[in-house]
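Undergrad: Below, each chain spelled out in residue letters.
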Amino acid sequence: MNSATREAYAQAIAELSAENPNIVALDADLAAATKSGAFKKACPERFFDMGIAEADMVGTAAGLATCGKIPFASSFSVFVTGRAFEQVRQSVCYSDLNVKLVGSHAGPSCGEDGGTHQAVEDIAIMRSLPNMTVVVPADDVEAYAATKAAVETLGPMYIRVARLASPTIHDADTYEFHFGKGEVLREGTDVTIIACGMMVPRALDAADRLAEEGVSAEVINMHTIKPLDEELVVASAKKTGKVVTIEEASIVGGLGSAVCEVLSEKCPTPVRRIGMPDIFGMSGAGGELLDIYGLTADHIIECYREMA
Amino acid sequence: MGTDLKAVANQIRIDIIESLAAAGSGHPGGSLSCADILTVLYFEKMHIDPENPNDPDRDRLVLSKGHAAPALYAALAERGYFPREDLLTLRKYGSHLQGHPNMADTPGVDMSTGSLGQGLAVANGMALAGRLDNKDYYVYVIMGDGEIQEGEIWEAAMAASHYGLGHVIGFVDHNGLQIDGTNDEVMTVNPVADKFAAFGWNVLSIDGHDLEAISAAVDEAKKCEDRPTVIVCETVKGKGVSFMENAVNWHGAAPNAEQAAVALAELRGE
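As they're listed, the protein sequences go chains E and D.
Quick note on numbering: my numbering labels position 103 of the first sequence as 115, and the sequence is numbered without any gaps.
Quick note on numbering: my numbering labels position 239 of the second sequence as 240, and the sequence is numbered without any gaps.
Simulated from the structure, these hints should not be mistaken for laboratory data.
Hints are not guaranteed to be accurate.
[What the hints assert, rightly or not] In silico DSS-like links for lysine-lysine, alpha-carbon gap of 27 Å or less:
{"id": "1", "chain 1": "E", "residue 1": "193", "chain 2": "E", "residue 2": "238"}
{"id": "2", "chain 1": "D", "residue 1": "196", "chain 2": "D", "residue 2": "223"}
{"id": "3", "chain 1": "D", "residue 1": "136", "chain 2": "E", "residue 2": "53"}
{"id": "4", "chain 1": "D", "residue 1": "196", "chain 2": "D", "residue 2": "224"}
{"id": "5", "chain 1": "E", "residue 1": "52", "chain 2": "D", "residue 2": "136"}
{"id": "6", "chain 1": "E", "residue 1": "160", "chain 2": "E", "residue 2": "53"}
[Claimed, not checked] Partner residues aside, some chain E positions facing chain D, computed with beta carbon under 7 Å:
{"id": "7", "residue": "67"}
{"id": "8", "residue": "71"}
{"id": "9", "residue": "74"}
{"id": "10", "residue": "103"}
{"id": "11", "residue": "192"}
[What the hints assert, rightly or not] Simulated restraints on C-beta separations:
{"id": "12", "chain 1": "D", "residue 1": "244", "chain 2": "E", "residue 2": "276", "range": "50 to 60 Å"}
{"id": "13", "chain 1": "D", "residue 1": "247", "chain 2": "E", "residue 2": "193", "range": "55 to 65 Å"}
{"id": "14", "chain 1": "E", "residue 1": "166", "chain 2": "D", "residue 2": "26", "range": "28 to 38 Å"}
{"id": "15", "chain 1": "E", "residue 1": "27", "chain 2": "D", "residue 2": "108", "range": "32 to 42 Å"}
Computed from a predicted structure; not experimentally measured.
Heads up, the beta-carbon is just placed ideally off N, CA and C, and yes, glycines get one too.
Assemble the whole structure, with the sequences as input and the hints as a guide.
TA: This is the structure:
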C-alpha cells in the first residue's frame, strides 16, 4: 500500500465495475493523471473520455445519473469543481442526482504545475452546495473504502484525492468507512487535532511528539467534511478545550471553517486553523511545498502552544 | 393518435398566457415560439406514459431553454401528467411548478433546467445510458438560439457527434430574439445550421410552426442512426399573440389581466 489516494480510488471503481454494471466513468483528457484509466482498461465500454470539456463532462454525468447509472467524473479538482461549478450546482446538486465527482491533484502537494493547478478552494465551494457530500480520504485504504461506499450511497458527492503517495494508516482488512462519522485515531484530553487527507499522518506525528512532552492530544480523521460529524467535534472540544484543524486547502471555507461554524454555535472553543492562508500556491516539489506552507506537525504543535 | 394537433397547440398557448398572467412574471415570448414543437413531440412522437412518468424505456425531453417552462408545463398538463388547474399555481410558493423546470417536483419533467447551455450535455448522457442498456428510446432537447451562445452547447455538440448519438434529436428554437435584442445585435449565432453541420450533425431546417413539417423532420431525424440530428426551427417569438410577436419586450414580462384578455380572445378566435 502507501499509494496515492487517486490510485486507490481508480482501483476501486475498476474492481467494483465487475460486480456493478451501473458504474460508469468519465474523464476530461486526464485519465492517466487521475488514474481513471484503470477503469477504462477494466471496462472500456463504460468509460467516456469527454475531451478537455469539464462542463460537458459533468452535464453528461448528470444525464447518465437520471437513467440509473452511477457516474464517476474525474479531473483535476480545480477543473471538476471550478470550471464546472455551475454544472455541478444546476445539473447535479439542484436535482440531487447521483453523480460522483472526483478531484485529484488537490492542494499544494499537486506540486510543480503551480498555483494554477493546486486547488485550494474546492472544499469550500463544494461544501456550499445543498445536497453535496464532501469527502477527503486520508490514505489509500480509506480512498478505496470511500469509493466503495460512494457506489452504495445515493446523491451528489465530491471525493478529493491527492497526487502524492502518502503513508497508509488504516488496516485494509478491518477498516470500516461511514460517511459523516469522524474517526478518533487517538484519544486525548489536552487538545483536539482535526485533520483530513494527507494531513492525518502529520496530525498523528504531532500527537506522538506532544505525548513525549506529556501532552495528551486527541486526533480525529475527519474524512467527511460535509455532513460534518458535529457531535464528535463538540464532544471532543468539550473534553479538551482546544482545537487545531489542519487541511491541505484554504483556511477560508474548508474543514477549519466547518469546525468553527459548529463550535461557535454549540461549544465556543479556542481554535487554530492550519491550511493555505488565503493564498495561491507556487511551483515546487509537492512534499516540499507542504512544509513551506506550514502544513506540518511542527505547526500543529506551535498552534497548541499558543493556546496552552 | 388522431389528435387535432393544431387545437392542442392553440390550447397550450392559451395555457401559457393564463398561467403567466396568474403568475405575474415569466417568459411568454420563448414559450409561445416553441409551443408547436412541444405539441408534436408530446402528442405525436414521444413514447411516453403519463401514468408511468419514470418508465425507464420512455423517450426523454430536456427543455434546455428552461425559461420556456410554461410551455412545457402546459404540454405536460394537457397530456395528463398533472391537473390543468396546477398551471395557475406557476411560480407561486408551494407549487410544484417552479419558475424553471425541476425534475424533483414535477411529474414528466425529465431534467431540471434553467441555467442556459446545460441541456444538450445532459441529453447526451441520457442517450449514452440508453445505448449501454440496449434501449431504443430517443432524447429530445430544445435549445434557444440565444442559448447556443453558451460554450457548453458546443462542447456537447462535439461530444454527441464524437459518440455518434443518433438518438439525440435537438431543436433550435430560432426566433432571432433574446433579452437584450436580436441575436445579431447581441452576439451573432448565425449560421446556426452550418455550425452544427461543421460539428458533424445531421441538420434539418424547417418552419417551426408548421406541425406537419416538425413531424416529418422528426421522422427524418430517426433515419439518421449514426449521428445526432438538429432541427433548426425558424420561429416567431411570441407566436400566436399579435402584440407579442417579434417583440423583444415580451421575452420576460407577463401580461397583465387586460393584456391577457386580449391575447386569450385572439387565441380563442373571438
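Undergrad: Among all the numbered hints in the text so far, which are the ones the structure does not match?
TA: When the structure is compared with the hints, only number 11 turns out to be violated.
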